[in-house]
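Q: So the chains spell out like this:
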Amino acid sequence: MTGTSNGTMNGTPRKERPAEPLLVAEDLVVEYPSKGWRKPPFRVLKGVSISIGAGETLGLVGESGSGKTTLGRAVLGLAPIASGTVRFDGKVISGLGAKERRALSSDIQVVFQDPYTSLNPAMTVNDILSEPLRVAGTPRAEAEKRVRDLLDHVRLPADAGERLPREFSGGQRQRIAIARALSRDPRVIVCDEPVSALDLSTQARVLDLFVEIQERTGVAYLFVTHDLSVVRHISHRVAVMRGGEIIETGDAATVTTAPQHPYTQRLLLAAPVPDPQRQAERRAERRRLAAVLAAGTSTEVPTNASMSGDRA
Amino acid sequence: MIVFLVRRVVAGLVLVLVIATTTFALMGLTGSDPVRQIVGQTATQQQVTAKSAELGLDQPFVVRYGHWLADAVHGNLGSSWFSGESVTSSLENKLPVTLSIVLAALLVSAVLSTVLGVAAAVRRGALDQVVQLLAVLGFAVPSFLVALVFAVVIGVDLGWLPATGYVPLADSAGGWLRSITLPALSLSVGAIAATAQQVRGSMVDVLRADYVRTLRSRGISERSLLFRHALRNAAPAALTVLALQFIGLVGGAVVVEKVFGLNGIGSQATSAGSQGDTPVVMGVVVVMVALVVVVNILMDLAYGWLNPKVRVG
Amino acid sequence: MKLPDSDDTTGAVAPAVAAQGRAGILRRLLRNPVAVTCLVLLALISLASLFAPLLTSQDPARSSLTDSLAPMSGKHPLGGDGVGRDVLARLLYGGRTSLLGALLAVAVAVVIGVPAGLVAGYYRKWFDAVSSWVSNLLMAVPAIIVLLVVMSAVGQNTYLAMAVFGVLMSPGVFRLIRASVISVREELYVDAARVSGLTDARIIRRHILPVVQAPTIIQAAQMLGLGIVIQSGLEFLGLGSATQASWGSMLNDAFGNIYTKPELMVWPGLALAVTVAAFGLLGNALRDALDGTAVTGRKPSRGATTRKPGAEKKAPPVISEAQDTDDALLVLEGLTVSYPTAQGEKTVVDGVCLTVRRGEVLGLVGESGSGKSQTAFAILGLLPREAQVATTRLEFDGTELGRLGRAAMNRYRGHRIAYVPQEPMSNLDPSFRIGAQLVEPVRRHLGLSAAEARTKTLGLLERVGISDPERVFRAYPHQISGGMAQRVLIAGAVSCEPDLLIADEPTTALDVTVQAEVLDLMRSLQSERNMGVILVTHDFGVVADLCDRVTVMQTGAVVESAPVDQLFADPQHPYTRMLLASTLEDAEPRSALSLSRTVSASAAGAVGIAGTTDPAGVTNSAGITNTGRQEGPA
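Chains as they are written, first to last, in the working numbering: chain C, 5 to 316; chain W, 42 to 354; chain D, 42 to 675.
No lab work stands behind these hints: they were computed from the structure.
Every value quoted in this text rests on a predicted model; they were computed, and no experiment measured them.
Glycine included, each C-beta is placed from N, C-alpha and C at the ideal position.
Don't take each hint at face value.
[To be verified] DEER-style ranges, computed between Cβ atoms:
hint, chain 1, residue 1, chain 2, residue 2, range
1, D, L71, W, L210, 51 to 61 Å
2, W, E263, C, Q281, 42 to 52 Å
3, W, E263, D, V430, 11 to 21 Å
4, W, V351, D, A477, 10 to 20 Å
5, D, E427, W, A343, 45 to 55 Å
6, W, H115, D, E227, 44 to 54 Å
7, C, R291, D, E427, 41 to 51 Å
8, W, W346, D, S508, 26 to 36 Å
9, C, R291, D, A610, 20 to 30 Å
Make a model of the complete structure from these sequences and hints.
A: Structure follows, in structure tokens:
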């Protein structure tokens, strides 16, 4: 960490502790009670540790049921943490009381997957965006000005504020959700599959917006997704989850092009590439890997060279 | 499944017990004075005290309740304070009347609401409007008003069916059927309306479901699609509504029995209630709640049979 | 690369939609003639009861033997009842009893039910368990029995009885509120509000109360009707204050004179039925008005997009091959699909033409609203009945399908043309074992015996890669995983050896590793049986993996059709180029943060990291376009 990412939109420098990354989760265990009588609780996260520096994007990849969304919710205080800690800016934030947790709302924010249910359909965009500000005690006039700025930041027209969420397309709604997350200059935003529900071209533009905001404000992202190409595009570092555990971490280039863990390799090779020739090669490579694994001869991997060979 | 059944039976017993206790407490702890009513206004204080002792009313409430409960568990519900008749045996005489009309009404409701609901969902258009109208009418016209109209028009003016009285099944099957037709029909109008509405709603939902489209893509016949697949999936929701309606049927029987002059549990409840005849009221309440519990357990079993998610893990 | 500025950022919104959304529920309600009639009737009945002393000089309680069963006259406009009381006066004053009693009952039910439902639904835990138990208990008791007991114990007081009835109705309110609160609580916007630092009280006030308001009002209207019914039922039984006029006691009196003067039933019966029906219909109308505003955050129906003004300047479609239909399995020409809407006809598919040859995989690609799924369903004849479909030609293996009746079409569907859906779990009938669902079409189309069909089905399940076919055959859909369900659906589709398979986003709902396996399965089945396939998808990776030819659709029309290699190598239509440029597959990975910082710092002037260099960067720094994405397709 170079520790220079303390710039914020209102220019107030924030206290930085170079010793520790901005957000740290250590040995995090999340359990949900089981339905049955006296059954042991269902353990979704089995001791997960991650860290995110200021201004950094950590991509969290995994398939359904891997626990990636739960990890994001645990950071937000929306999942029951059985053991382990989450630290933000050096302070433990797991297991806080409701009041202390609310105080964190200016620092940690969220953008959810589904732009259709993450905005209250009965509230205008102005109300949605000013709600977090009003909670924080911002005077009305100031909040209104701030909302106009936010709409501008996410490239929505100023008159968007008067409308209801259902008057917008999926991509526009996701921009509104991003604006809401930005409203109080957070230092971390948990992004839970924020582009998965969007069309291809919309997805690309929304991702560009995420990158642009990060470069301007120095906010850090915990970016949860199932899509390796999305993660490659947005992340500085990547963690791969499976079955409630992190099985591989590393910088984005390495993990998404030459992964070490056989599961990550499978994940990468399973994603089809939009190029018939390269996809045929990738398919052959995937079958080879599957055959190797099935034969059980070795969990040793095909060489990195061959893995990245289907790129470029 | 066994565990499920045992749980439901225990829950039902608890319900009967709670209701019995509450009723007993209401009857026993409030200010009414049944003894004075029994012996008459002219009776001396001595007569009142004697009667109180005879009925056990001089004992503390908890003791009285304990006695009643102990007897009730052994099938003895005491005897009426006014007529002295055994509550158990008088219920035995009157239960068949009430059961006949209530169960007949349930059957009629189930069949007619299914037919109407499915037809409305599939055909839409005019038939749908008719079902919707019927639903509003069934809701708006209380069963005793329907009963009054039926009694006057069909029973008296047209004379097609008897307007009063009950013929036991053992005496004449035809007579029994004729005697319960009007009461059961008037009782079921509301239940048909509500349940047909639900059948229609869930059929429309199911027919919109993805799997119906997929079944259609396999070239399955429309009949199999409707009656094998769609109705099967719409049934559980309809059953839930029917179970709720049954509770209303039992209550409605009280009023309908009066209109058709049927000597059932309902009319007994009315007279015992207005007199404050605690043993009879207790007997009626326990039997009626038990009836609701039994039918609800049967409905739950049917629900489980229809819905594999309940039946198998 | 700068992507074409589409509707995503311009914020163009149809003004009609906006205006409709603001119209208050009350206004919508007043546009409904039924609702207006009900409101007027209820107002009249209420006013008549309220001003009863002005409308009649008669005392509703005074009986006179001379007026017993009196006919209609100037003194008694509606005649006299069995004991000579004035029927009109009793009708007017009786309305007071009924309305006030019902109001009281509903007030009690709402006062108990709403807070209990809010707390139970929002906080769950023990309060939910206890209150749900109590509510189930109350609902299991016939109300009229309870009221009988209460009245015999406490005395014949109508209003007390109605208050108790309110308690008995409260579980209905409680359950409704609880269910709504639980479903709202699941909504992501409530989570977002929590993350925004709202207190529970504020979340309930701002996000939950507005949602439960409407259903509560609807239910209250219906409970008012119910209250009047029960109250008159009690009075009819002779329970209730003897001195108080009420519709129920009037009916009781009429019942006593049913043989001598049955007309006495008419007035109270009518008053009762009209009032209750008005409340019921009003409730329904309220529900309709609310449904119209669609408060729930549902997606617009699939494929239903209004044509954007920008889409008018479309480039003409690019068809990169001769339309040689000699060896065609399916030829579709001039398909148009439209739906009637409040704003007029909405066309979702507009003149689509496509051809599939035997043994060829055609990819049908487009974004949401392009009409690709609607096209697929139109070929199968599976569009909803309100859809208006027109084709100039829909020829399958030499037969024109457009002219076939439902029964004749059913001989093609599932037999020669099969369908694989998108969402595996919702496309299996939850009430039937998987085996039964697969056997039924096989027996129907191939005329096999039950045993033969079973053997064939088990073989199919094994063929699609299910390791324990016996177990899956016996299983219910909820007992298997999504990936397995999709294999089952593919087995069902190919079970009668179709010539054409139409797959609608068959792998979109699956995890990427499962997707790869399912694509492999589809490829091997396709080549093994030489099927023609229409693969509807939005994913160019899937297209590259499986397709021979590609047809690209945009807002209901075909824009480009080409062999797969040609399409990827040299896309002709600007829309195709834009789509291909949007794929992230070829994007450079972002480098680790420390590295990117160093790089950016050295090129700060060019890239402009506003966050680090410009502390007051409130205004939109338009210069920042660094997205790390390569220009164009590789």
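Q: Now tell me, hint by hint, if it's right for this structure.
A: We went through each hint and held it up to the structure:
no.: 1; hint: L71(D) / L210(W): 51 to 61 Å; result: holds (55 Å)
no.: 2; hint: E263(W) / Q281(C): 42 to 52 Å; result: holds (47 Å)
no.: 3; hint: E263(W) / V430(D): 11 to 21 Å; result: holds (19 Å)
no.: 4; hint: V351(W) / A477(D): 10 to 20 Å; result: holds (18 Å)
no.: 5; hint: E427(D) / A343(W): 45 to 55 Å; result: violated (34 Å)
no.: 6; hint: H115(W) / E227(D): 44 to 54 Å; result: holds (51 Å)
no.: 7; hint: R291(C) / E427(D): 41 to 51 Å; result: holds (46 Å)
no.: 8; hint: W346(W) / S508(D): 26 to 36 Å; result: holds (31 Å)
no.: 9; hint: R291(C) / A610(D): 20 to 30 Å; result: holds (25 Å)
The earlier numbered hint that this structure contradicts is number 5, and it is the only one.
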